[in-house]
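Numbering (the numbering used here), first residue to last: 1 to 473.
Fair warning: there could be bad hints in the mix.
[To be verified] Okay, derived cross-link-like pairs now, DSS-like style, lysine-lysine, Cα gap no bigger than 30 Å in a straight line: (1) Lys95 / Lys52; (2) Lys249 / Lys95; (3) Lys375 / Lys295; (4) Lys395 / Lys249; (5) Lys24 / Lys266; (6) Lys295 / Lys95; (7) Lys258 / Lys301; (8) Lys274 / Lys261; (9) Lys410 / Lys396; (10) Lys375 / Lys448; (11) Lys95 / Lys44; (12) Lys274 / Lys214.
Note that these hints are calculated values from the structure, not bench results.
In this text the structure is predicted, and so the values were computed from the model without any measurement.
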Amino acid sequence: MSRIDIAELNDFLHGLRSSNAEAKDMMGNITQAAADYAQDDSLKGAAVTTSKQYFTDTYMPIIQSIIEALNESEERLAQYIREFGAQVDPSPSAKVDAQILQEVMEKVSQLQRKEEDLHQQLTAPNTRPDMEQVYVVKSRSVHTQLLRAIEKENILERYLAFEQSHGDFFSALHELILATSRTIQELLQHVTFNAQTGTYTVSPSITSSLQLMKKALDHARKENDKDPYPDDFEDYTLFAYTYVNDQGKNVTMWLIEKNGKRVENKELQDFLEKNGQELPPVSYTELSGEDLERKVNDSWKEGVNYLTGQKVTDASAGILRTSAYIASGKDVMDDTGLTDMALSAGFGIAAARNKLIIPKNTVEKYKITWNKNIKPTQEVIPNTNIPRSFTLKGKKVNGKGIWVHGNATKHMGEFVTAAKGSIIVENELMLSFQDAVSSIIPNVKPGKNFFKVEGWEIGINGNTGVIYHALYK
1 MSRIDIAELN
11 DFLHGLRSSN
21 AEAKDMMGNI
31 TQAAADYAQD
41 DSLKGAAVTT
51 SKQYFTDTYM
61 PIIQSIIEAL
71 NESEERLAQY
81 IREFGAQVDP
91 SPSAKVDAQI
101 LQEVMEKVSQ
111 LQRKEEDLHQ
121 QLTAPNTRPD
131 MEQVYVVKSR
141 SVHTQLLRAI
151 EKENILERYL
161 AFEQSHGDFF
171 SALHELILAT
181 SRTIQELLQH
191 VTFNAQTGTY
201 TVSPSITSSL
211 QLMKKALDHA
221 RKENDKDPYP
231 DDFEDYTLFA
241 YTYVNDQGKN
251 VTMWLIEKNG
261 KRVENKELQD
271 FLEKNGQELP
281 PVSYTELSGE
291 DLERKVNDSW
301 KEGVNYLTGQ
311 KVTDASAGIL
321 RTSAYIASGK
331 DVMDDTGLTD
341 MALSAGFGIA
351 AARNKLIIPK
361 NTVEKYKITW
371 NKNIKPTQEV
381 IPNTNIPRSF
391 TLKGKKVNGK
401 GIWVHGNATK
411 HMGEFVTAAK
421 GSIIVENELM
431 LSFQDAVSSI
441 IPNVKPGKNF
451 FKVEGWEIGI
461 NGNTGVIYHA
471 LYK
């Protein structure tokens, strides 16, 4: 049985890139020396001509193959780590020991039997009242252990499936390394130079080795092209900022940094716009509105539009740099007219829709409709109209009325607060929540239930009708 440690693999990948960079520099120097020699017209004679041809025909393909092997080794390992995160465990410190997990699998059945025994003891007609609480505590403990064991069992199953599907993952790279190594050995052993005649004697086997190496090189490139990720994907730091657009829908804006600075990379940007939602969470960092605003302002100080990554060189750059240092930036900018200037230039957090800029008359005309379907049971969350807890009128599960707990409304309050208390966002959010609850009611079973529906994560107890978790993503 095998084991894997992703942190160790990431460390190895980092070291591999460093050593490969040195090797590529060396290969580049050799290539340049060979090219300079081949193009040097000051050297004459049959021996020189033969020698130049030899270097061109052999050294160039070999160096190209070695560099490809170096690139392939980095890219395949990076892809292997990414796919492990997507298919097995996304944690950057994930460790899997198949032997230990095999033992956990055997423990699952034992815990299941123990849980059944405790349940029978708890529900037995002759169980003493003073023992009921003891059995409840034991049952919860065993159930928790069982859930953890089952999760580990699931990880093992995912890992074994991953291992089976990746059995030949590095085969093309291995083939290329062997073919290149064989060609080098052939050159060392089967090429001779006759100083008297100035000619090289090349064994026919070398031609065959060069052809096999070329075939392996083409195969490695073909395999590498299957990887949908752009080259040097791991060299960049990715940020995702999710906001509500003017249609009330969640939209994610992707931002790219390198060495702590905002950069542009069209290939990577296009990839993120198309595939970003499928990336494992460990691949990027979620930004809050405050985080993004801080980055925008810090970038202004350097005369860079963080949202586009473009350097500002005209007169507005000085104004924006100055405004970024103003403590009460929004109020001062409004008073001086800088807000309009910034927005017209495509600057500021409003351009990313972090703040919903809504004319006052629009707010006055907008009708709040979500609160007519609820009955508050606590005071409202500050800066919102959402009660800390409430019941949903006319909604029941298994004969029990639905009550939304404070643990669930907490996330709703955070969402509205992030939108600067926008009543439009609040109204759309709460209506969406009520629709989501209505859709899950027919599927709620006794005990704890967890649903993902219409962008919501909802946890509800089917015995009590309590919604204990509600998070809009």
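Cross-check of the supplied hints:
no.	hint	result
1	Lys95 / Lys52	52 Å, violated
2	Lys249 / Lys95	38 Å, violated
3	Lys375 / Lys295	41 Å, violated
4	Lys395 / Lys249	26 Å, holds
5	Lys24 / Lys266	26 Å, holds
6	Lys295 / Lys95	34 Å, violated
7	Lys258 / Lys301	18 Å, holds
8	Lys274 / Lys261	23 Å, holds
9	Lys410 / Lys396	22 Å, holds
10	Lys375 / Lys448	23 Å, holds
11	Lys95 / Lys44	62 Å, violated
12	Lys274 / Lys214	34 Å, violated
In terms of the numbered hints stated before, the structure departs from hints 1, 2, 3, 6, 11 and 12, listed from lowest to highest.
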